[in-house]
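Whenever a hint applies, use it, and build me the whole structure from the sequences.
Our numbering puts the first residue of the sequence shown at 1, with every later residue one more than the last.
Calculated from the structure, these hints are not laboratory results.
Model, not experiment: these values are computed from the prediction.
Don't take every hint at face value.
Unchecked claim - Lysine-lysine pairs mimicking DSBU-like chemistry, simulated, CA-CA at most 35 Å apart:
1. K5 x K63
2. K5 x K22
3. K12 x K96
4. K63 x K92
5. K63 x K95
6. K12 x K63
7. K92 x K22
8. K22 x K96
9. K34 x K92
10. K12 x K93
11. K5 x K95
12. K63 x K34
13. K22 x K34
14. K95 x K22
15. K96 x K63
16. K63 x K93
17. K12 x K95
18. K12 x K34
19. K93 x K34
20. K92 x K12
21. K92 x K5
22. K12 x K22
23. K22 x K93
24. K93 x K5
25. K22 x K63
26. K96 x K5
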Amino acid sequence: MDAEKLRENAHKMVDFIADYYKSLESYPVLSQVKPGYLRELLPHSAPDLPESLQDVLDDIRQKIIPDGYFCYLFWTWTAKAQFMLTLRMMRKKVKKEKKRPE
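Structure follows, in structure tokens:
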């Protein structure tokens, strides 16, 4: 991944997170689904080729967030801790990408 693609993906991630926080009050606090519901919505195996970041974000937006499960992941964290965790995960991803030959 070159620097411009990294910048583009980082902007998409920050926009995604900001949109999530902006609309947080519209989602249920507690999960509205049965355990294992997501298993039925996802493919049985990983894709042979990498998916775009946009496809991954769309899956999260369409399959995970509306059912409240995603909210559960975040409600125990303070906003500051969650922000720092998000940045740390993004940094780890960048380090992995830098090590991977193109």
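- Keeping to a limit of 35 Å between CA atoms, is the pair of K22 and K93 held or broken? Between K22 and K93 the Cα gap is close to 25 Å, so the pair holds against 35 Å.
- Task: Below or equal to 35 Å on CA atoms is what counts here, so check K5 against K63.
- Result: Judged against 35 Å, a Cα distance of about 26 Å means the pair holds.
- Does the alpha-carbon distance linking K12 and K22 stay inside the 35 Å limit? Roughly 15 Å separates the two Cα atoms, so the pair holds.
- Holds or violated: K22 with K96, Cα cutoff 35 Å? holds, 30 Å
- Item | Holds or violated: K12 to K96, with C-alpha atoms at most 35 Å apart | holds, 18 Å
- Task: Given the hint that K22 pairs with K63, test it: the Cα-Cα distance must not exceed 35 Å.
- Result: holds, 18 Å
- Item | Hint consistency between K12 and K34 [alpha-carbon to alpha-carbon, up to 35 Å] | Holds - the C-alpha atoms of K34 and K12 are around 30 Å apart, at most 35 Å.
- Pair hint K93 and K34, alpha-carbon separation not exceeding 35 Å: Holds: K93 and K34 sit about 31 Å apart, inside 35 Å.
- Query: Is it true that the CA of K93 sits at most 35 Å from the CA of K5?
  - Reply: holds, 13 Å
- Task: Take the C-alpha atoms of K92 and K12, compute the straight-line distance between them, and say whether it is at most 35 Å.
- Result: At roughly 17 Å apart (the allowed maximum being 35 Å), K12 and K92 satisfy the hint.
- Message: Given the hinted pair K12 and K93, is their Cα-Cα distance within 35 Å?
- Response: holds, 14 Å
- Message: With the threshold set at 35 Å, check whether the alpha-carbon distance from K92 to K5 stays at or below it.
- Response: At roughly 16 Å apart (the allowed maximum being 35 Å), K5 and K92 satisfy the hint.
Of the hints listed earlier, there is not a single one the structure fails to meet.
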